[in-house]
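This is what each chain is made of:
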Amino acid sequence: MAFAIMSMYAQTPKREFLDVGDSINTYPKVEWIKGNAVSKFDPSKIYIIDLWATWCKPCIAAMPHFNAIASKFKNRGVVFIAQDVMEDDRPKVLDFVKANDKMMSFDVAFGGGKGSDFEQEWIKPAGVNAIPQTFVIKGNKLLWQTSPDMITEPVIEMLIKGDFSIEKAKKLSAN
Amino acid sequence: MNILKSNIRLTLTFGLLLVSAAAFSQNEFTIKGQLSPEINGKKILLTYKNNGVSVEDSTMAEMGKFTFKGLIGDPAYARISVNPPAMTTMQNIKSLDVRDFFIDAGEIVITSSAGAKTATVKGGKTQADYQRRFDLYKPVQARVDSLNNLIAVYKESGNTKAMDAARLEMNAEFAKTAKIDSNFIRENPGSFLSLDIWRSKHRGTLRSNFAPEFQKFSPAVRNTFAGKEIQAKFDLAKKLAPGQLAPDFKLKDTAGREVSLSSLRGKNVFVCFYTPDFMNYDAFTFNLGRINRALKDKNTVMVTVYYSYANRQDSYWMETIKRSNFSWLNLNDIGGVNDAGSVSPTAKAYGLTYYTLPSALLIGADGKILASQLKLNDIGLGQELAQLIK
Chain A
3 MAFAIMSMYA
13 QTPKREFLDV
23 GDSINTYPKV
33 EWIKGNAVSK
43 FDPSKIYIID
53 LWATWCKPCI
63 AAMPHFNAIA
73 SKFKNRGVVF
83 IAQDVMEDDR
93 PKVLDFVKAN
103 DKMMSFDVAF
113 GGGKGSDFEQ
123 EWIKPAGVNA
133 IPQTFVIKGN
143 KLLWQTSPDM
153 ITEPVIEMLI
163 KGDFSIEKAK
173 KLSAN
Chain B
369 MNILKSNIRL
379 TLTFGLLLVS
389 AAAFSQNEFT
399 IKGQLSPEIN
409 GKKILLTYKN
419 NGVSVEDSTM
429 AEMGKFTFKG
439 LIGDPAYARI
449 SVNPPAMTTM
459 QNIKSLDVRD
469 FFIDAGEIVI
479 TSSAGAKTAT
489 VKGGKTQADY
499 QRRFDLYKPV
509 QARVDSLNNL
519 IAVYKESGNT
529 KAMDAARLEM
539 NAEFAKTAKI
549 DSNFIRENPG
559 SFLSLDIWRS
569 KHRGTLRSNF
579 APEFQKFSPA
589 VRNTFAGKEI
599 QAKFDLAKKL
609 APGQLAPDFK
619 LKDTAGREVS
629 LSSLRGKNVF
639 VCFYTPDFMN
649 YDAFTFNLGR
659 INRALKDKNT
669 VMVTVYYSYA
679 NRQDSYWMET
689 IKRSNFSWLN
699 LNDIGGVNDA
709 GSVSPTAKAY
719 GLTYYTLPSA
729 LLIGADGKIL
739 ASQLKLNDIG
749 LGQELAQLIK
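Protein chains in written order, with our numbering: chain A, 3 to 177; chain B, 369 to 758.
Hints may be right or wrong, so weigh each one.
Claimed, not checked - Derived coverage of chain B by chain A (criterion: at least 3 residues anywhere in the stretch with Cβ under 8 Å from a Cβ of chain A; other residues may be distant): (1) 654-664; (2) 749-757.
To be verified - Sample of chain B residues lacking proximity to chain A, with all beta carbon distances greater than 10 Å (derived): (3) 419; (4) 421; (5) 522; (6) 525; (7) 531; (8) 558; (9) 584.
Claimed, not checked - On the chain A side, residues computed to face chain B include the following (Cβ under 8 Å): (10) 22; (11) 131; (12) 144; (13) 147; (14) 151; (15) 164; (16) 166.
Everything labelled a hint here was simulated from the structure, so no lab data went into it. Even for Gly, the Cβ is constructed at its ideal location relative to N, Cα and C.
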């Protein structure tokens, strides 16, 4: 039994780094508290993952923008995930999501604080030391690590069209 | 009249800077003070910077009366302190009796029926401008003071919603000061105070896109010591622009061997000059790791050059490399930068000071600069640099 556990562990080493351009196939273990659960990334879909927390005022300030974009694109193969991070108080997160239901018409997951799978597999390898931060994944690749204000309608159109580049996206968001 | 022998302490010790500062014309100034006669036999401390060189002078007040005489180049932001404590602490900060003002050449008169804090200062043009700016700030200051009181009340009663709203308003008030300053600069291009405010907002590396703003100052203002220092920074930025040959340097690695930039010719070089332990240092080191991973297949040598603070042992360099995971070529230029600014040839060639560090460039295999003035906190920098290398 002990051998079986060890060999399982050996087959799933912790991710050391998560950089733009890296392959990413699976979503860390989180608790899905709203919407559809994601365990494996569908290569045909675009994922916009926004890291937030109830204590993070800029994250909450960015939510109406995130919500408006999500409402517009969620039926066009784009999955929007609000990933709660860097906090342990699960009831507080549940209460927040319940109280702000209309502002959060996307998938919501609770990741947990220090030592959580999300922290080990995502926060640390991607060097996230402040939130909000937004990750864009397409074709099982991390395309962009950015902030939610950079995710604009023209940027998502570019992602759908398939000619995304960070340089072009930055220019589009600046306009 | 000074009854104590003036104690002028030049806190910057580098002769070169003193010589260059002194090379600019120096004019006499006199400060005549009359505070409350109750301030008797107490020390009056005057501090200011004469063309970048810190100066301290002190005297003893006789029935509130004191005088200072000295030489000044550019108009200088100054402070007088009555009976200053040996050290400023959080406990005694509110009880300090200080007054800030500007020294212009000529006579400055400081009068008050009480202490320095409430004194009226009459001097030259820069002081008049400083007072005008102070008056423009008054409504904002009044609102900030009342918001501070409100926040304390809300904190006591646990009213977090009202406290957040007050803090938001406070941020809006602070934003007004930036607007006041930018208007002041625009409306007073011939004022040295305008230049002083402008340079305080541009202490780091000067990007060439700020040159048109600087050109709007009057020729007389641009021709001051401070103006010429700023022009020199713009000139240096041109020398370090993409397409220019990167200045060579020769520095020691961790084994004590000298390594020159030119010896790395044939490979691209990402070079980052840094001091450790600034705010967000961990994010900085993580991003260097990211850049290293992004450039690892791009025929690139990663180089970090360490600069120290005066109070650090040299062994701190090795500790820094270890805990920062700098697993690439590490060089040092300890002593190359100090409070006076750039000291070593490398620091001078690359315009390195405590204000501009960390600073990085990507240099091509031919020794020419591919990118400079890099934003080292940009998560996507590694990817952008990788695209620059053919």
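Evaluated hints:
{"no.": "1", "hint": "654-664", "verdict": "holds (count 6)"}
{"no.": "2", "hint": "749-757", "verdict": "holds (count 4)"}
{"no.": "3", "hint": "419", "verdict": "holds (40 Å)"}
{"no.": "4", "hint": "421", "verdict": "holds (39 Å)"}
{"no.": "5", "hint": "522", "verdict": "holds (16 Å)"}
{"no.": "6", "hint": "525", "verdict": "holds (21 Å)"}
{"no.": "7", "hint": "531", "verdict": "holds (12 Å)"}
{"no.": "8", "hint": "558", "verdict": "holds (35 Å)"}
{"no.": "9", "hint": "584", "verdict": "holds (25 Å)"}
{"no.": "10", "hint": "22", "verdict": "holds (5 Å)"}
{"no.": "11", "hint": "131", "verdict": "holds (5 Å)"}
{"no.": "12", "hint": "144", "verdict": "violated (11 Å)"}
{"no.": "13", "hint": "147", "verdict": "holds (5 Å)"}
{"no.": "14", "hint": "151", "verdict": "violated (14 Å)"}
{"no.": "15", "hint": "164", "verdict": "violated (18 Å)"}
{"no.": "16", "hint": "166", "verdict": "violated (12 Å)"}
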